[in-house]
Amino acid sequence: MKRILIAMAWTAAGAGLVSAETVDPTAVMYKEGAVEQSLSGATGDAAAGKIVMTTRGQGNCIACHEVTELLNSPFHGEIGPTLDGVSERWSEAELRGIVANAKMTFEDTMMPAFYKTKGYIRPGKAFTGKAAEGDLPPLLTAQQIEDVVAYLLTLKE
Amino acid sequence: MGIKIVHPMAAVAMFALAATPAISDENANLVVNDEINITVRAAAPAHMENVSEVLSGWLFRADETQQFQMDDFDNPGMIWVDKAVASWGKAEGSEGKSCASCHDDPDSMAGVKAVYPKWNETAGELRTLELQINDCRENRMGAEPWKYTGGDMVNMTALIASVSRGMPVNVAIDGPVQSTWEQGKELYYTRTGQLEMSCANCHEDNYGNMIRADHLSQGQINGFPVYRLKNAKLNSVHSRFKGCVRDTRAETYKPGSAEFIALELYVASRGNGLSVEGPSVRN
Numbered sequence: 001m002k003r004i005l006i007a008m009a010w011t012a013a014g015a016g017l018v019s020a021e022t023v024d025p026t027a028v029m030y031k032e033g034a035v036e037q038s039l040s041g042a043t044g045d046a047a048a049g050k051i052v053m054t055t056r057g058q059g060n061c062i063a064c065h066e067v068t069e070l071l072n073s074p075f076h077g078e079i080g081p082t083l084d085g086v087s088e089r090w091s092e093a094e095l096r097g098i099v100a101n102a103k104m105t106f107e108d109t110m111m112p113a114f115y116k117t118k119g120y121i122r123p124g125k126a127f128t129g130k131a132a133e134g135d136l137p138p139l140l141t142a143q144q145i146e147d148v149v150a151y152l153l154t155l156k157e
Numbered sequence: 001m002g003i004k005i006v007h008p009m010a011a012v013a014m015f016a017l018a019a020t021p022a023i024s025d026e027n028a029n030l031v032v033n034d035e036i037n038i039t040v041r042a043a044a045p046a047h048m049e050n051v052s053e054v055l056s057g058w059l060f061r062a063d064e065t066q067q068f069q070m071d072d073f074d075n076p077g078m079i080w081v082d083k084a085v086a087s088w089g090k091a092e093g094s095e096g097k098s099c100a101s102c103h104d105d106p107d108s109m110a111g112v113k114a115v116y117p118k119w120n121e122t123a124g125e126l127r128t129l130e131l132q133i134n135d136c137r138e139n140r141m142g143a144e145p146w147k148y149t150g151g152d153m154v155n156m157t158a159l160i161a162s163v164s165r166g167m168p169v170n171v172a173i174d175g176p177v178q179s180t181w182e183q184g185k186e187l188y189y190t191r192t193g194q195l196e197m198s199c200a201n202c203h204e205d206n207y208g209n210m211i212r213a214d215h216l217s218q219g220q221i222n223g224f225p226v227y228r229l230k231n232a233k234l235n236s237v238h239s240r241f242k243g244c245v246r247d248t249r250a251e252t253y254k255p256g257s258a259e260f261i262a263l264e265l266y267v268a269s270r271g272n273g274l275s276v277e278g279p280s281v282r283n
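Chains A and B, in that order, give the protein sequences.
Per my numbering, the very first residue in the first sequence carries number 1; after that it's consecutive.
Per my numbering, the very first residue in the second sequence carries number 1; after that it's consecutive.
Within a straight-line C-alpha distance of at most 25 Å, the following computed BS3-like cross-link-like pairs (lysine-lysine) qualify: (1) Lys242/B x Lys254/B; (2) Lys130/A x Lys230/B; (3) Lys147/B x Lys118/B; (4) Lys254/B x Lys125/A; (5) Lys130/A x Lys242/B; (6) Lys125/A x Lys242/B; (7) Lys230/B x Lys125/A; (8) Lys130/A x Lys185/B; (9) Lys130/A x Lys254/B; (10) Lys130/A x Lys147/B; (11) Lys242/B x Lys118/A; (12) Lys118/A x Lys254/B; (13) Lys185/B x Lys103/A; (14) Lys185/B x Lys242/B; (15) Lys103/A x Lys116/A; (16) Lys97/B x Lys83/B.
Derived contacts from chain A toward chain B, CB cut-off under 10 Å, selection only: (17) Ile79; (18) Gly129; (19) Pro138.
Some residues of chain A that are not near chain B, with every Cβ distance over 10 Å (derived): (20) Val28; (21) Met29; (22) Ala34; (23) Glu36; (24) Ala48; (25) Ile51; (26) Ser87; (27) Glu92; (28) Glu94; (29) Thr105; (30) Ala150; (31) Leu155.
To be clear, the hints were calculated from the coordinates, so they are not data collected in a lab.
The beta carbon of each residue, even a glycine, is placed where N, CA and C say it ideally should be.
Build out the structure end to end from the sequences listed, making use of the hints.
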């Protein structure tokens with residue numbers, strides 16, 4: 001039953017990108033924070049990742065990070081470090097791990113885990129303030145994570 | 001009424017605003033009506049472990065938002081204070097009494113807001129101002145209680161706060177309230193919701209930083225109730241708590257709940273030493 005529900009969630013969220021190789025959020029293998037394998041089984045699309053980075057209700061990464069190349073999108077936060085040149089500081093696998101669950105790399109970081117479905121305190125139904133029913137869908141889909149990672153890999157000094 | 005610029009740099013800073021949100025003058029001083037000195041920065045109370053100076057949320061707001069609070073004619077919150085003055089004298093309920101029947105005029109409330117939430121010995125409970133107001137309504141006036149975050153209630157708390165403006169917040173945290181205070185502290189540091197954020201993540205670790213378009217303050221409640229430009233009305237402490245918890249994608253607590261009362265006591269105590277400022281103006 002549960003597997004069917006998850007499969008349905010992917011169909012809804014992944015817009016046709018569902019593949020047999022999609023790694024479930026509970027099955028991601030972190031090695032010192034890094035994740036080697038593509039979460040969706042497909043390669044990421046940097047242009048799509050750019051949209052995820054700047055869109056509220058998606059990654060909204062710029063709420064906390066400044067990215068010079070994205071300054072056209074209004075209002076960058078200053079909670080986390082600037083992501084300029086980030087591909088020269090971290091490998092693809094490390095970046096995938098940071099975006100999927102930054103707590104595996106930076107203990108106690110404020111950065112949310114974008115590919116996680118359980119283990120929350122008082123999980124809510126999105127921004128309604130009401131209790132969540134069952135496991136939550138991850139904040140980003142497997143493919144969106146891959147897209148963001150592809151975009152981050154374009155950020156060079 | 002003219003706008004009073006206390007800090008000379010404020011006038012210059014106004015021109016630099018343009019597209020950048022919430023550039024604030026963190027060095028400004030707040031004097032209301034040219035006569036009420038508001039302490040907007042103070043040494044942190046002894047119980048605070050990670051912060052050395054406590055700062056009013058007023059300091060983090062844009063210059064033009066700051067200015068609204070410098071004169072009661074410019075402060076939209078005062079319109080609701082006037083409404084509460086009318087209800088102060090209005091008899092309601094089976095006893096035919098109003099607030100004025102027992103308390104004379106609202107000035108008699110000077111100093112009250114500064115020490116709330118406060119332990120009530122007779123009832124053996126911790127009372128927020130809202131709980132105390134409803135106790136008077138139900139048990140002294142024989143009137144219906146007001147909704148915890150409703151308009152009548154928030155207006156009355158604004159009136160009662162307004163006559164204490166400038167007085168230092170001095171909430172007791174020991175004795176019978178200590179365990180509730182500990183519970184509030186626990187809530188303050190618990191990372192809730194799918195974003196797994198605590199009050200401390202935003203208001204202790206990151207005050208002064210931008211989170212998207214918002215300039216994070218210390219999340220102090222000395223200025224409550226708060227008139228927000230965003231929703232053009234007075235907002236109670238528990239409504240604000242609810243909004244912040246919701247923003248972590250969490251299931252919120254209810255206004256008036258034991259959890260929010262404990263959190264209010266704890267957060268109020270983090271502002272001990274700042275002045276009562278309500279009704280304040282924020283965005």
